[in-house]
Structure formats: structure tokens, C-alpha cells
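**Q** With chain A held as given, fit chain B onto it using these hints.
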Amino acid sequence: MSVLIYAENADGKFKKSIFEVVSYARAIADQNNTTLTAISIGDVSADELNKLAKYGADKILNVANAQLKNFVNQAYASIIAEAAKKESADVVILSNSFSGRGLAPRLGVKLDAGVVDGAVALPEQNGGNFTVKKTAFSGKAFATVQLTSANKVIALIPNSYRIVEVAKSAKVEDFSVDTKASDFKAMLKEIVRSADKVSLPDADIVVSGGRGLKGPENWGMIEELADLLGAATACSKPVSDAGWRPHSEHVGQTGIAVSPNLYIAIGISGAIQHLAGVSSSKVIVVINKDAEAPFFKVADYGIVGDAFEVVPKLITAIKEHKASA
Amino acid sequence: MKVLVCISNVPDTTTKITFTDNNTQFNTNGVQFILNPYDEIALARAIELTEGDGGTVTVINVGDVSTEATIRKALAIGATDAVRINAKPHDAWYVAYQIAQYVKANPFDLILTGRESIDYNGSKVAGMLGELLDLPSVSIIKKLDIDGDKATVEREIEGGKELLTIPLPFVAGAAEGVAEPKIPNMRGIMSARTKPLVVVEPVEVKTNSEIISYETPAPRGQVKLVAADDAAKLIELLHTEAKVI
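These protein sequence lines map, in sequence, to chains A and B.
If you read the first sequence in numbering that gives the first Met the number 0, its first letter stands for residue 0, the second for the next number, and so on.
If you read the second sequence in numbering that gives the first Met the number 0, its first letter stands for residue 0, the second for the next number, and so on.
Next comes chain B alone, as it looks inside the complex:
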């Protein structure tokens, strides 16, 4: 089985988010970039699914040369090879369009993304890829098993879950539960340096969205402390002052 895993290069989860240029640019100064945590889950499952069947796992990223450290990390974890589409990931549509062009020329049995990237939280690429390639897509899956040319996936819904069967190929966004992320071992790290990383130039496409500014959430006022033995006081405040119960 040939699996494609779409990966993003995102700020580390501990990053304090700030902006520059009058709040129009994300301040990357001193920010550590990592493989998007949900993409790590997708990658781990792809590796598990191809283990022993002679299959391959290709990772693909739309990014400039600065994302190569993250791509090498994915190779160290166990991807077979990598593709970098040499462009800034302008928006989800741009990224999905570029990946779709690649997949049209290089078909896969299964395409995985993370459920969302932790920077712009879109969860759009999987669905857009599905539409562009006329394949089924499931945006947020919690389990994925393959049996021959069919998959069983568990999809999260509000207050429950759905079990679906889907014929390959299809696109899905992996969330927690699909697999445990894998930590690269020394052999993986050594071999990552020599695994193929192909750089592909982007195709032209019109974008349809633009981030024009950022803001951080308004700070809250000073916390109002209530004595530990006066729980009733807290309930009263929540009822009469905050009016939330």
C-alpha cells in the first residue's frame, strides 16, 4: 500500500504567540518549529499500516527550504521518502491544490493529514483534497483500520462517534486515538539524511483568502478568590455576578 501523509511545519506547542508589523505578521523570532502533532499521529499510523506489506509512506509538505528540518524529522520517524513543494503555504486552498496536482500525477492508496494544524486550525486540506481528487474525505478520525481494499474508520461526532467503511483510496484527518506518535531512533535519524527528498516547484493558482491582522485574546481582570470553606459564595457569585449558572 502506498500512503501519502501531508505534513505541516508549526510552532512548538509551548510557543508564546506574538505578532510584529502592527499585528500583521506572526513573530517567528526565537520560535521552535515542529512537525504538527496531529500529522505525527497520521504518520505513525501510516507506518504501522505499511509495515510488513512492502508498502511505502511518502510525506509531502508545502513550504520553503526552512521546513526541511521538519521533513527530515518525518523521515527519521520512518517515512520512506519525502516531497517538498517549494512555496509558502499561502492558505489551505493553495496547499490542497498543490498537493492535489502532485497526487494526480502520483496516485496513492490512502492520503492522511492531521485533523488540523495547530497554527491556523483549519482542518480544511483533507476535505479540499477529497473534493479536488473526487475521493471520499473524513475530516476527523479517531481510529483507522485497513482490510484489503477497504478501511474502517471511527469518526468523532458531538457526544458520540460513527463507524464508517470506506473503499480505498480516500482522504482522512487523523486525531488522537489513531496511533501513538513514534519517537525516531538513532538508526532512523541516521538514515533520514540519505532518504530521498524531492523538491517540486508549485503550479500557479489563484488564492482566495488572506490573513490581514492578528490579535491576542483580551486579558482577563484580576482573579476573584473565594475561601476554600465558602463554596456557597462561589456559587452565589456565578449566579448573581457572572450570571452563568
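The following block holds chain A by itself, in its conformation from the complex:
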């Protein structure tokens, strides 16, 4: 047996969430006294590939092929499944990213494997049982899932496993697979990346605004605060429903679930659906003028006050903090 990870790149670079996946997979390989192979698909430099070794990959399979530079769900799934067979990998791990969630179920079928997505902790293995904890009910709970198949596919939620550096070096091998034409039916026309913005699903810090901000014209201070903290911006459902902010920023039960180190909620009362999406944040800060807002009950730090007075003060305080650091 062995462990295989899919090292997804964004524009030729690996994100922190991928190093988390490598560290997580390294721990599973160590649990089972076996090796860890990483597969990268697309145009990734040798320097970047070697970073995978720094977090524990023993071997790196590199699929560098112009046709595969950009993500094609079906084709990528076929290649990763072939890599799993080549490496006799019985555990395949991906990031629970948008692409990872497209690949995991296809890999599950191809490899006859049980799939756990939304995984938040290392598997527990004893007496032949293999269980993984995952989020359930959109963050309101966790479920422990037992995988009864010989092969397993796990998609790990960003920010749920700590990066561990190990001094390793790995061999990079070119890997090629004969892909079939039917794997390329979906054609990429255009990629739009907002390079100046931190992406919400894997952000370390999130600054989120609610109806208390009264209108989209007041998001300037939210964006400024987010910029200063290197944070992603987010919002509550009423805000995206009203069209003040894009749907992709909606955090909550029917939006995106986040698990940053720090979640700052400004002018959000804390409806149960919103709380579900943020409950796995490490630290929650709530700023609300209503001391009775339910959000304070699940917050670590709070300020009862008007956002329009508090946020500018926070911005000043962070600037001073940065200047003195």
C-alpha cells in the first residue's frame, strides 16, 4: 500500500492548503509505515514541485502536458486514478477545494473507494477499522465516517490540519497517461482570477459584513480592514441576496463554510444558518451594536458598538500595530 495526494496548483503555484494536504498525508503514510507520492498536473516549475518534498512527499509524479495545463475534471480524474494504480495507493487525498470536490467522487467510482469529503482530522485506524471525522449539517455538527472499502479517497478542508515541515528530498518523475478523447468534452473557455483578492475558502483571516452595514457603499472600510489583515472579505446571506456583495462571498449554511484562524463578523446578528458556516473558525470576533445579538454567544472576542465608529478605530489600531511590529 501507499498514499497518494493530488497537488493541485493555481496558475503554477501550490497554495498553503496543498501543503496542509501533504502534511496530513505524510502523517497517514507514517501511521501505516508507508510512502507518500504526490501527483502534479499542469505547468509547475521544478522549484515549486520540490516544495512538496519539504512537507513530506517521497516521490513526485509530474504530468506536464500542454493539453492538461488547465483543469479538466474528467481527464484529471483519469490521470490521478492511473497514478493511484501505478503506485498501488490505497489512500488518495485531495484538498476539499472546488476542483477537489469535482475529482473526489469520480475517483471514488474509478477506484471502487469510499469517499470522505469535508474531512477535518486524521483518520483513526484500529482493528482494521478506518474512520474519518468530517463536517456535517453545514458546520452544525461533525460526523465520523467509517470507510469499509479497501481503497479510500479523502478530501481535506483547508485550515483544518497544521503544516509540518520535514527535511525530505524527493525524486521528480515525469508521468504520462494515455487519455481518451471523451475525457476532454468539457472545454475551458476562460479563467478569471481576481489576483488582488484573497480567496475566501482557504483564507487565514476573514472579515465579514452583514446588514448592519446598511448598504454596499459602506464596504470600503470592510475592504480596507481586510487588506490590512491580508484577509478575504465575506458577507451574510441577506447581504448577497440584496445584491450588495457577490454570492461567492456568502458564508453560511446555504453559502460557503469557512474555517479560518480568525473570523471577524461586523454588523451580523448571527442567525443559526450563518453560525453553521463559521463554527469551525479558530477565533471569532463579533462587532455589533446590539449586545443581545446571538453571535456574541459563540464569539471569543466582542465589541458592542456601532460598526461605523468601531471599524475605523480598528483600522487605525492595526496600522499602529503594524508600524510598531
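Certain hints may be false.
No more than 25 Å apart at the CA atoms, straight line, and that leaves these computed lysine-lysine pairs for DSS-like [stated by the list, open to error]:
(1) K223(B) to K68(A)
(2) K318(A) to K232(B)
(3) K232(B) to K288(A)
(4) K223(B) to K321(A)
(5) K242(B) to K15(A)
(6) K141(B) to K68(A)
(7) K223(B) to K184(A)
(8) K14(A) to K141(B)
(9) K84(A) to K205(B)
(10) K205(B) to K109(A)
(11) K196(A) to K242(B)
(12) K321(A) to K232(B)
(13) K318(A) to K160(B)
(14) K232(B) to K15(A)
(15) K167(A) to K14(A)
(16) K149(B) to K188(A)
(17) K179(A) to K103(B)
(18) K87(B) to K109(A)
(19) K232(B) to K242(B)
(20) K109(A) to K196(A)
(21) K68(A) to K85(A)
(22) K87(B) to K312(A)
(23) K196(A) to K160(B)
(24) K184(A) to K109(A)
(25) K288(A) to K223(B)
(26) K296(A) to K232(B)
(27) K223(B) to K196(A)
(28) K184(A) to K142(B)
(29) K160(B) to K12(A)
(30) K321(A) to K242(B)
(31) K87(B) to K318(A)
(32) K223(B) to K312(A)
(33) K242(B) to K14(A)
Treat the hints as calculated values from the structure; they're not laboratory data.
**A** Just chain B now, with coordinates in the frame of chain A:
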């Protein structure tokens, strides 16, 4: 165009989640079940896409008889007919396998699911269906337009989006942005009672996962309040105590 929309019966978003039997069972006592909100988006788009072209929208659910209220809701919203595969939805693989068997016998031009169900948050059924039927699949789409036998979809990626063109048929999981959910009108509600709802028995298939226990997130300690005029104090706490900035 014939569209299939896969629907789930899930606890209402306001449900407080609790467990019974030593945290091994979800406590459904007093829980209101609804049509999964993302499936509502998929259904709304399917109805829009077939309006005026004489097309049909079939909804399919894997569930026992208790899910029929939710299926009727989908019919009231505007689905043409419904199929219920008479089995408990054991896991995503089981559900996808059952639906794939049905689709092999009854082909569709487009298969939609919600991006995930709000109970187990899998977003697996679309991809598994794609693999089982050897069709392209896109797990989380924000826009869907059809032109003849081709679709243009917008897929969300971290910090951006991708535009894809895909020939029909394919499978996609709808998210916010694809359509606005539709509220059933009185005519829809009346006609839902008489629209066809076919019950199909499941085929046997081995499952490969089992939920063995649940837990709720650990409660946080008492909130530490900082005075509104002392924002600097909050920054200091976040830096020195919480160590997150």
C-alpha cells in the same frame, strides 16, 4: 430537452441539530424537512430552460415514503413528473448508483443536482453520476446557459471563476447564481397532487461508507468584551493572546 433534477429531503436550515442513541443517530424529532435549497436552484433553472421548448423536468429522489411531501413540493414548483427510488439514501455512492441505473434505462439531456445537500454536505452525487454514466461533470456551477446541444457554465474556483462549454448531456451541481428559487403558486400546488410520481424499487449494491457517530462543535468559552472606544485593546488581544494576527 429532457432534464433530470436529483433532489434531497433535508432538515430545514433553522434546525438545531441534536443526536440520539449515544450520538449515533440524527434526532429527527420535531424536525421539519424541506427540499434541499441548492436542489431548489437546480429545479428552478431546469424549469426555465425547458419553458417554451416543450421539454420536461423530472425530479428523482432516493428515499422512503416520508420524502413524498418534498417530492410533491418539487412538482408544485413546476417539475413535470417525479421518480422515487424506494430506499434509504445510505450514502452518496448508494444514491448515485441507484440514479445511474434509472438514467441508463431512461436517458436525459441534462442532469442537475444541488452543489451539495445541507445535511451531509457531500457534493459527491454529481461527480459519481458523471463517472457511472461516463459523462462530464461539474460539481459547483454558478451559471448555466444552453444553446442547442451545448451548454456554457460558470464554475467557481478559489478566488475566481472558469467559463466552460460542455456538450449535452452532462451532470452539474447548481449553486447560488444559477437561478432564483421559485415559489409554487396555487395552480402548481393543485396540479402537483395529480402529476405522476413513479416509485421504483432499488437495485442491490454494496455500500462503502457508514456514519458511526456524530458530535457537535465544542462550545466556546465566555466572550471577552472590549470597550467600543478601545479598539487597540482588541488588536493587542488578537496578537498576544489569541495569536491570530
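**Q** If a hint holds in the structure, say so; if it doesn't, say that too.
**A** Do the hints match the structure? See the list:
1. Distance check on the hinted pair: K223(B) and K68(A) sit about 49 Å apart at the alpha-carbon level, beyond 25 Å; violated.
2. Among the hinted pairs, K318(A) with K232(B) is consistent with the structure: their alpha-carbon atoms are about 13 Å apart, no more than 25 Å.
3. Of the supplied pair hints, the one linking K232(B) and K288(A) holds, its CA atoms being roughly 18 Å apart against a limit of 25 Å.
4. A hinted pair counts as satisfied when its Cα atoms are at most 25 Å apart, and K223(B) with K321(A) qualifies at roughly 23 Å.
5. Restraint check for K242(B) and K15(A): satisfied, since their Cα atoms lie roughly 19 Å apart, inside the 25 Å limit.
6. The hinted pair formed by K141(B) and K68(A) meets the criterion: a straight-line CA distance of about 23 Å does not exceed 25 Å.
7. For the suggested pair K223(B) and K184(A), the alpha carbons sit about 54 Å apart, so the restraint of at most 25 Å is broken.
8. A hinted pair counts as satisfied when its Cα atoms are at most 25 Å apart, and K14(A) with K141(B) qualifies at roughly 23 Å.
9. As the CA atoms of K84(A) and K205(B) are separated by approximately 22 Å, the hinted pair is consistent with the 25 Å bound.
10. Distance check on the hinted pair: K205(B) and K109(A) sit about 15 Å apart at the alpha-carbon level, within 25 Å; holds.
11. Restraint check for K196(A) and K242(B): satisfied, since their Cα atoms lie roughly 23 Å apart, inside the 25 Å limit.
12. Note on K321(A) and K232(B): the hinted pairing holds, with a Cα-Cα distance of about 14 Å set against a maximum of 25 Å.
13. The hinted pair formed by K318(A) and K160(B) fails the criterion: a straight-line CA distance of about 32 Å is larger than 25 Å.
14. Of the supplied pair hints, the one linking K232(B) and K15(A) is violated, its CA atoms being roughly 30 Å apart against a limit of 25 Å.
15. The suggested pairing of K167(A) with K14(A) holds, with an alpha-carbon distance near 19 Å, which does not exceed 25 Å.
16. Under the criterion of a C-alpha separation no larger than 25 Å, the hint pairing K149(B) with K188(A) is consistent with the structure, at around 13 Å.
17. Pair hint K179(A) plus K103(B) holds up; C-alpha atoms about 22 Å apart against a cutoff of 25 Å.
18. A distance of roughly 24 Å separates the Cα atoms of K87(B) and K109(A); the hinted pair therefore holds under the 25 Å criterion.
19. A distance of roughly 14 Å separates the Cα atoms of K232(B) and K242(B); the hinted pair therefore holds under the 25 Å criterion.
20. Of the pairs offered as hints, the one joining K109(A) and K196(A) is violated, with about 36 Å between alpha carbons and a cut-off of 25 Å exceeded.
21. For the proposed pair K68(A) and K85(A), the alpha carbon gap of about 22 Å is at most 25 Å, so the pair holds.
22. For the suggested pair K87(B) and K312(A), the alpha carbons sit about 54 Å apart, so the restraint of at most 25 Å is broken.
23. At most 25 Å may separate the alpha-carbon atoms for a hinted pair to count; K196(A) and K160(B) meet this at roughly 13 Å.
24. For the hint pairing K184(A) with K109(A), the CA-to-CA distance comes to about 18 Å; that is within 25 Å, so the pair holds.
25. This hinted pair checks out: K288(A) and K223(B) have alpha carbons roughly 15 Å apart, not beyond 25 Å.
26. As the CA atoms of K296(A) and K232(B) are separated by approximately 20 Å, the hinted pair is consistent with the 25 Å bound.
27. Our distance criterion of 25 Å between C-alpha atoms is broken by K223(B) and K196(A), whose separation comes to about 30 Å.
28. Between the alpha carbons of K184(A) and K142(B) the distance comes to roughly 18 Å, so the proposed pair stays at or under 25 Å and holds.
29. As the CA atoms of K160(B) and K12(A) are separated by approximately 17 Å, the hinted pair is consistent with the 25 Å bound.
30. For a cut-off of 25 Å, the pair hint linking K321(A) to K242(B) stands: about 14 Å separates their Cα positions.
31. Between K87(B) and K318(A), the direct Cα distance comes to roughly 56 Å. Violation of the 25 Å bound is thereby established for this hinted pair.
32. Pair hint K223(B) plus K312(A) holds up; C-alpha atoms about 18 Å apart against a cutoff of 25 Å.
33. Proximity of K242(B) to K14(A) is assessed by CA-CA distance (about 22 Å); at most 25 Å being required, the pair is judged to hold.
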